[in-house]
Amino acid sequence: MDVATSLFLVQDAILNGAIYSLVGVSLVLIFAVTRVIFIAQGEFVAFSTLTFAALEAGKVPKAGGLLILLGMMAYIASLIRERSSLTKTRVFVLVLADVFVPILIVCLAAFLAPLQLGFVVEALLTFLLIVPMGPYIYRVVFEPLAEASVLVLLIASFGVHLALTGLGLGFFGPEGANTSSLVTRSFTVGELTITGQSLVVVGTTVALFIAFAGVFGRTLFGKALRACASNRLGARLVGIPTGVAGQITFGLAALLGCVCGILIGPILTVYYDSGFMIGLKGFVAAIIGALGSYVVTAAAALVVALVEAFSSFYVSAYKEIVVFTLLVPVLLWRSLRSPHMVGRS
Amino acid sequence: MMRHSTILWQLAVFIGAAVVTQTRLVDDYTASLVVYIGIAGIVAIGLTLLTGVGGMTSFGQAAFVGLGAYTTAALNVRFGMSPWETLPCSLVITGVSALLIGGITVRLAGHFLPLGTIAWGLSLYFTFGNIEWLGGHDGLRGIQPIALGSLVLVEPKAYLLVVWIAVAIAVVLTSNLLNSRIGRALRSLREEAAVGAAFGVDANRLKLVVFVYAALLAGTAGWLYAHFQRSVAPGSFGIVAGIEYLLMAVIGGPGHVVGAIAGSALVTVVRDQLQNALPSLLGSIGNYETVVFGCLIVIILQTSQRGIGPVLFGFLDRRRLSIDDGEQLPLLRSQDARERLLTVRQLTKRFGGLVAVKDVDLVVARATIVGLIGPNGAGKSTTFNLIAGSIAADSGQIDFNGEDIRLFSQPKIASCRLARTFQHPHVVHDMTVIENVMLGAHVRGQIGFLGAMLRMNRAEERRLLRTAYEQIRRVGLEKVAFSTAGNLSLGELRLLEIARALCLDPLLVMLDEPAAGLRVGEKRALANLLRDLRQQGLGILLVEHDMSFVMSLVDDLFVLNFGSLIARGRPAAIREDEAVLKAYLGTAA
Chain A
139 MDVATSLFLV QDAILNGAIY SLVGVSLVLI FAVTRVIFIA QGEFVAFSTL
189 TFAALEAGKV PKAGGLLILL GMMAYIASLI RERSSLTKTR VFVLVLADVF
239 VPILIVCLAA FLAPLQLGFV VEALLTFLLI VPMGPYIYRV VFEPLAEASV
289 LVLLIASFGV HLALTGLGLG FFGPEGANTS SLVTRSFTVG ELTITGQSLV
339 VVGTTVALFI AFAGVFGRTL FGKALRACAS NRLGARLVGI PTGVAGQITF
389 GLAALLGCVC GILIGPILTV YYDSGFMIGL KGFVAAIIGA LGSYVVTAAA
439 ALVVALVEAF SSFYVSAYKE IVVFTLLVPV LLWRSLRSPH MVGRS
Chain B
6 MMRHSTILWQ LAVFIGAAVV TQTRLVDDYT ASLVVYIGIA GIVAIGLTLL
56 TGVGGMTSFG QAAFVGLGAY TTAALNVRFG MSPWETLPCS LVITGVSALL
106 IGGITVRLAG HFLPLGTIAW GLSLYFTFGN IEWLGGHDGL RGIQPIALGS
156 LVLVEPKAYL LVVWIAVAIA VVLTSNLLNS RIGRALRSLR EEAAVGAAFG
206 VDANRLKLVV FVYAALLAGT AGWLYAHFQR SVAPGSFGIV AGIEYLLMAV
256 IGGPGHVVGA IAGSALVTVV RDQLQNALPS LLGSIGNYET VVFGCLIVII
306 LQTSQRGIGP VLFGFLDRRR LSIDDGEQLP LLRSQDARER LLTVRQLTKR
356 FGGLVAVKDV DLVVARATIV GLIGPNGAGK STTFNLIAGS IAADSGQIDF
406 NGEDIRLFSQ PKIASCRLAR TFQHPHVVHD MTVIENVMLG AHVRGQIGFL
456 GAMLRMNRAE ERRLLRTAYE QIRRVGLEKV AFSTAGNLSL GELRLLEIAR
506 ALCLDPLLVM LDEPAAGLRV GEKRALANLL RDLRQQGLGI LLVEHDMSFV
556 MSLVDDLFVL NFGSLIARGR PAAIREDEAV LKAYLGTAA
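Which chain is which? The protein sequence lines are A and B, in order. Each residue of the first sequence is one higher than the one before, counting from 139 in this note's numbering. Each residue of the second sequence is one higher than the one before, counting from 6 in this note's numbering.
Simulated from the structure, these hints should not be mistaken for lab results. Where a beta carbon is used, it is the ideal one built from N, C-alpha and C, also for glycine. The reader is advised that the hints may include incorrect statements.
Claimed, not checked - Facing chain A, a subset of chain B residues (Cβ under 10 Å, in silico):
{"no.": "1", "residue": "Ile109"}
{"no.": "2", "residue": "Phe117"}
{"no.": "3", "residue": "Trp138"}
{"no.": "4", "residue": "Val159"}
From just these sequences and the hints, can you work out the full model?
Here's what the structure looks like:
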């Protein structure tokens with residue numbers, strides 16, 4: 139392999155690594171607050187790309203139907219769960235938040251989409267359509283399971299993944315989509331061509347990353363969210379609404395997924411089920427970070443992308459196998475270091 | 006132990022159902038559905054054992070089905086080996102792979118274990134699709150059907166019999182296993198790994214054996230699948246298939262063998278209906294079954310984590326255990342108790358900067374009751390756990406009946422005849438009291454995994470039962486011997502713990518606050534029991550807060566404060582000891 143090829147592979151890896159790190163960081167975030175290992179994070183990414191692509195083409199995005207459906211599910215789930223303590227105000231609030239808001243968003247998207255108002259409006263519309271799905275999913279699936287074990291939550295998140303992939307095919311259809319680059323200029327450094335898009339991807343990731351680390355490490359808001367994970371009851375006793383914290387977290391994760399989705403649009407053709415593989419790569423990174431460290435996860439995401447890039451050059455067909463097999467020794471190492479080991483051997 | 010009449014009934018139902026399937030009432034389409042239910046049922050039985058019993062959830066079980074299927078497919082298509090020749094090959098390949106993969110997987114702690122199964126599940130899936138010799142993404146076609154003599158099993162109706170005989174064998178072997186000494190140890194692993202370890206269960210080894218067994222069931226299912234389908238493709242063995250198998254086990258209920266088959270039936274029929282009926286109804290193609298399965302998983306986890314098995318087939322589980330007057334288990338053959346049973350020297354344990362136990366010396370002679378007391382945080386429980394081996398000491402010596410057991414594993418310590426109870430009772434809630442107590446005699450049994458599956462353990466089980474009942478009677482729990490342990494009061498749980506410890510046939514019993522939560526009468530009975538045991542030559546080490554209980558009972562007292570020994574002596578002397586008074590009451594101003 140010559141220098142140019144390896145530089146190209148490294149560049150490719152940095153680009154993918156940035157995406158994986160955003161997914162990985164979302165997983166760490168969700169796990170830190172709710173103890174859910176959220177396998178379906180990749181679906182937010184894929185659905186966002188498909189939505190953004192539709193908006194870019196001036197079409198009404200099909201995510202609207204999914205949003206309304208999830209809103210209805212959240213509404214019904216809340217009605218069933220709170221059936222003994224429902225008040226008129228509560229029902230009104232639920233109707234507003236779960237039925238009215240999604241319909242409003244969809245109408246807005248349907249009205250604005252044909253006008254093709256440019257990147258900012260389209261991106262904002264994508265956020266509006268995708269981000270509320272996060273809290274809805276949390277309310278329908280995970281809030282009732284808040285006291286359950288990590289394992290039960292993991293199985294449930296596989297359930298969400300299955301359901302979302304099925305719904306994704308139903309709503310978005312089997313066609314793939316990609317979007318045009320945000321920045322079309324590219325620069326040449328030596329033998330290497332650096333596309334503007336890759337700079338945008340890396341720049342956005344770094345900015346988001348710094349913002350997140352700051353919010354979670356240093357603000358009271360971040361600390362309150364973290365408290366929910368380590369001791370739910372304790373968090374409630376000091377006045378943190380744990381259910382709301384879960385919803386916020388899933389909203390933030392969906393937002394990060396959205397950013398990812400918009401960023402990869404120009405790089406990759408995305409199908410309704412493309413999210414799973416992207417999600418799993420981020421998941422590998424998050425595991426290496428022991429689902430706890432944002433910094434290690436980001437670094438690990440880069441390593442995963444490098445391994446993937448170089449193994450796709452040497453043993454192209456086996457690149458997925460290499461990535462997932464590498465996870466096994468990592469798990470073993472993580473598990474030996476974890477504190478709750480019983481017994482001496 | 007299932008009643009024989011129950012087994013006969015099951016057999017009768019099974020044969021009756023088999024006969025019905027051969028009549029005209031069942032068409033080929035239904036018959037092939039029943040074949041698929043059986044094949045998936047075998048996988049789900051293995052999975053329910055792994056998940057529900059061993060506490061290991063596998064998302065990668067489909068990969069083992071794939072290994073079994075691909076092995077027979079490749080050998081058959083590429084080398085023309087007959088299905089009966091490839092069956093052992095399928096099993097060997099699956100078994101050896103499971104041994105290698107499981108060797109790493111079962112060592113993973115907590116949620117790392119299921120994550121590990123995702124990792125190797127995906128790796129194997131991608132491996133199937135990327136090896137040209139295995140047909141790549143298209144897989145292999147033209148696999149021969151199974152032949153019995155001149156009878157070639159192509160028709161679903163004929164194949165159905167083969168599949169369901171395999172299912173029946175799997176059900177019988179697995180149920181036998183669950184109702185054995187090994188099975189009880191397995192059932193304890195999910196909730197109470199600490200108990201298993203304290204009574205000599207080698208958890209990692211047991212988990213590995215179960216892992217391999219579940220994989221072999223999956224491999225068998227794969228072999229059956231390949232010769233029915235007559236083709237294999239990687240798509241059938243991916244992570245989604247793995248989740249579907251898991252769903253079957255979840256529907257059936259953890260550890261419920263018949264439930265797993267019901268889960269398989271439900272999932273298979275629903276999938277069939279959604280793939281065939283719904284699209285023609287709605288006029289479009291979609292993955293409706295994944296949506297339904299996804300929702301089903303969530304709904305079951307939210308509403309009934311115990312699954313449908315116990316509700317539908319609970320009557321099959323009602324087992325009647327009969328106690329006879331026959332012999333008990335043979336006593337453990339080891340050295341007789343020495344005069345100085347336990348000698349602890351310079352025992353030290355640090356947690357980070359905190360020295361929890363510092364240079365503690367302790368002696369327990371045979372036929373004595375020794376108390377270990379001290380204010381809260383003195384290091385009593387840590388000392389206790391260091392001796393029992395549930396935490397590792399940093400330095401020092403623990404000499405038990407002539408052997409230094411400091412570096413021994415917990416199971417090995419148990420087989421040296423050292424038994425313990427727990428401060429917060431650890432019992433397996435969904436087992437009966439007597440089953441919990443039988444767990445205590447784990448190291449006294451001989452018959453292992455295979456023997457249990459083939460029911461060669463009847464005599465031993467009878468003796469085990471008798472031994473356990475004897476100890477239950479001794480602590481006065483015979484009225485609740487056959488109730489579920491989860492229903493006991495705190496006092497009864499403490500007595501159960503003591504009965505379980507006695508079942509080990511110990512030389513030394515270590516009791517962690519046995520009197521806490523007991524009423525006055527119960528305390529008196531407990532004190533009498535401990536005196537009896539002392540009479541019989543047992544050594545007893547007691548950590549206890551109830552001073553009148555301790556003082557009336559013990560021969561010797563050790564007092565800890567801030568991790569160090571501050572006094573040792575007879576109860577009367579300790580009462581007057583200034584250092585002890587200071588530790589308990591503070592310095593006089």
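Can you give the numbers of the hints that this structure goes against, from lowest to highest? Checked against the structure, the hints that fail are numbers 3 and 4, while the rest are satisfied.
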